[in-house]
Amino acid sequence: MRVLKTATVQFKSIAVWSCALTALASSLLGDGGSVAFRKPAGPFVITLFTASLPLRVGASDLSVMTEDAGTRTPLLDAQVTLTLADAEGHLSTIPASRAAATNKLLYAATPVFPVAGTWTITVRVKQHGKSGEAAGTINVLPAPPAVWRYWPYFAIVPLFIALFALHQRLTRNRAALYARRHVTDKHF
Amino acid sequence: MDTLATAALSSWPLNPAVIILLAAVALTYFRGWLRVRHLLPNKLTVERLLAFWLGIVLVWIAIESPLDAFSSLLLEAHMVQHLLLMMVAPALILIGQPFLPLLRGLPRSFVKTALGPFLNWHALRRFAAWLVSPVVAWLIFTISTVAWHIPALYELGLHSPAWHNVEHACFFWTAILFWWPVIQPWPGRPQSTRWAIIPYLLAADIINTAIAASLIFSDKVLYPSYAAMQFAGISPREDQSIAGSIMWVPGSIIYLVPGVILAVRLLGPAGSLDRLRTSNHNLNRQRRAEQSRKVFDLLRLPLLGSFVRWKHLRRIAQSVMLILAIAVASDGLFGDQMAPMNSAGVLPWVHWRGLVILALLVAGNWFCFACPFMLPREVGKRLFGAARRWPRGFRSKWLSAALLLLYFWAYEAFSLWNSPWMTAWIIITYFTAAFFIDGFFRGATFCKYVCPIGQFNFVSSLVSPFEVKVKRAATCQTCETYDCIRGNDRQRGCELLLFQPKKESSLDCTFCLDCVHACPHENVGILPVMPAATISKDLYRSSVGRLFNRGDLAVLSLVIVFAAFANAAGMIAPVMNWESMLGWSHPMATAAFFALSVILVPGFLIRLCAALGSRVGAVAWKTIAVRFSFALIPIGVGMWAAHLVYHLATGSLSVVPLAQRAAAALIPAARIVPAWPLAARMLSPGWLAPLQIILLDAGLLLSLYTMWRVARNVRSQINRRALPVFAPWGVLALSLYVYGAWIIFQPMQMRGMLMH
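So the protein lines, in turn, are chains R and P. For the first sequence, position 66 (counting from the first letter as 1) is numbered 66 according to the numbering used here, and the numbering increases by one without interruption. For the second sequence, position 111 (counting from the first letter as 1) is numbered 111 according to the numbering used here, and the numbering increases by one without interruption.
Just so you know, the hints here were simulated from the structure itself, not pulled from any lab data. Only a predicted model underlies this, so the values are computations on that prediction, with no experimental measurement involved. Note that CB positions come from ideal geometry on N, CA and C, so glycine has one too. Treat the hints loosely; a few may be bogus.
Ranges of calculated distance between the beta carbons of each label pair, as one might list FRET restraints [to be verified]:
1) P:Val673 x R:Ala162: 56 to 62 Å
2) R:Ala175 x P:Ala595: 31 to 37 Å
3) P:Trp742 x R:Ala175: 25 to 31 Å
4) P:Ala663 x R:Gly129: 43 to 49 Å
5) R:Ile161 x P:Ala592: 31 to 37 Å
6) P:Ala662 x R:Leu166: 34 to 40 Å
7) P:Arg721 x R:Gly58: 54 to 60 Å
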């Protein structure tokens, strides 16, 4: 009996701990940055990162690392701009800054890709009168539907309904078990 | 310090959600630890507490520090991150003996009622025991470790934040399983001889060494994402070797040291079982003692409690709100009629409504507490004596339901949000009505039977997590003075005639706290309650009667529920296009839409659901309709919250130029120029859409749960299964949820901003 009680306490503990840490694990976030391209650009070496691959229509997160081509030291006082051009040649230019970046060695910007297709991204870097630019192409896919984008939040409902149904079933089974035991005890 | 190093060390992602979650886990542990530590002094030492907290801190460092920021640049940073998540943090967390403290740190009723059936589920217990058996735990951990180091899977994690999360979760959870048989957190039972743990650890070290060696001795860069990198003068190949070394040396130490400690312990004297037995006995004693524990009361919190109880607080809050209301009405009458540039076009419609619904969801009916209309109605009482009784025919919620419906329609039909002048007149009308009605009639007639805002707050506060409530029923049973309702020399009693011992839920409660101040036993407080719990109960409620006999309240609730969807739908493109297609005047088209969406369609649906439910047993359809109408309140409040929080978040900056304009008018010498572009700046934070969905989710789940409880009550009367009674109403709630989600993702007209 004591062993059973200990096992029960142990299991309760495991379950509660699991509940708490399940929530925690869902928040174990990483940046998962991917290298879109890395190219020499005059006196610099420019690396463009995207937060995820493939990119989708809508807001995205781009980061740039600029290094001195000779020493390979990251530059922290450069001016970085991104020029985005779609297949039809529409241009938009946005600055990238260290303030917007999580990794303070990078320059980040959050451009919006309004349409899907192949985009040419040109990174221009200026520092102390020197400048360099590197360009590359990125394929932007259409945006997923809202339900797909936010599916974990919509999934809360069926998950809780399923858990509640299970909860009710377990409660009923337990009540039935106690009722049977009660009848048996009275009988004998 | 070197500039590069400074930049690197300042790269903290600092995600608030992660910080809040980790802090909540740490605090829950601490709460439970405080409760049981004196019963288990040998098990729950301060060292255990520190170990647990250190484990949590290391999880935070692994995922929220520069390690994470640099994990895509340097494999070695990524390796340290994984080392913390797999080898250090889980072990420390388990050393903290977290299970009992976490269990005791959670609310007892939650553990017993919600988790109880799962905790006692034999199949799940057997599965959990199987998971932490040494062979299974070792295999799962090893498979996870090896699999995620295969280049294809590792690259998948680097390219996708979602897969990166999965990778980290796998590492963390499988490590919890792996370290379980090693640490054997109390009150776990060993599933194998302790000697077996030594080869268990050695075998894990061999696998770890093999992976590390493959990284160190490989001729090529194994993970292509790092091949392109050459960061801080470290070549990708060197980076990979360093990562392998980190995995090999510290990793091996972490595996081997516990093995050595275990061997030393096994060769030493055995531990005492007696202490454990004493602990179990003490736990039972503690459980009994906790049953008589004091209830949590918001009014007894340090600082906050005494501040809220402060006798003059309500008067001050009302005065501030009154001044604001007068300022807004004056601006509406005499100021610029461009709504986003007028406080009457912004404050009531964008900020006030959003803040009221947030306050209702978080803390209760605090708007009525600070109601600006209280002062004019008290002046009216002094002037006219307030001697008459409110006519019997109007002592219900029918009038207020009609007024609320009229107000919702007028809001859309006359674009009240776009007319400072009309907004001002609504405020003036409100003041006038409060002044005369409560001037002539006894008690809080205006609040109880007329005020549409009050009715909205009363009904919405049924889902609030706090309620003005008696702390101990036994104290009230011995009370002979009933000061809470009758009042006394120093404090009047409840104006809305709510007798505290018989008050169930926050219906008709204005949070005035008169009962709190009047009770000589200090037995009334603001206590936490399960949101919507009382909706499903057929109790006698003071001054309200039986909820399920109140058709007027049911209709009021339905108006609020369906108006939530109609009000939000009224500003989305498909509905606006439909209204313009009618070719009618705007008020007429809006009236048609409101008639359809708040009266006709809801009426038909309620009748249909009630008819289907009543076919199950001998219960009149009206009875079923009334009972289940209240259960729709949570989904309605969820929709209101999702909608109003959207406006509050997107248009929150529009208050800045208004404040600047007011400051410029009050202090001309300061030469403040309003930054009007801020009124056109729409904020669209990334958390907004998820928050809206979560609010809808919560509303739906609470509605479904309440419906289930109502259905079970009906079932117990008719001796049938609950599901057939519940089903039509469940489908109705789900349909409303889908409709609400569809509305949220439609292009929405911006209000209170310079961009509509």
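Numbered hints the structure breaks, given as an ascending list = 2, 3, 6, 7
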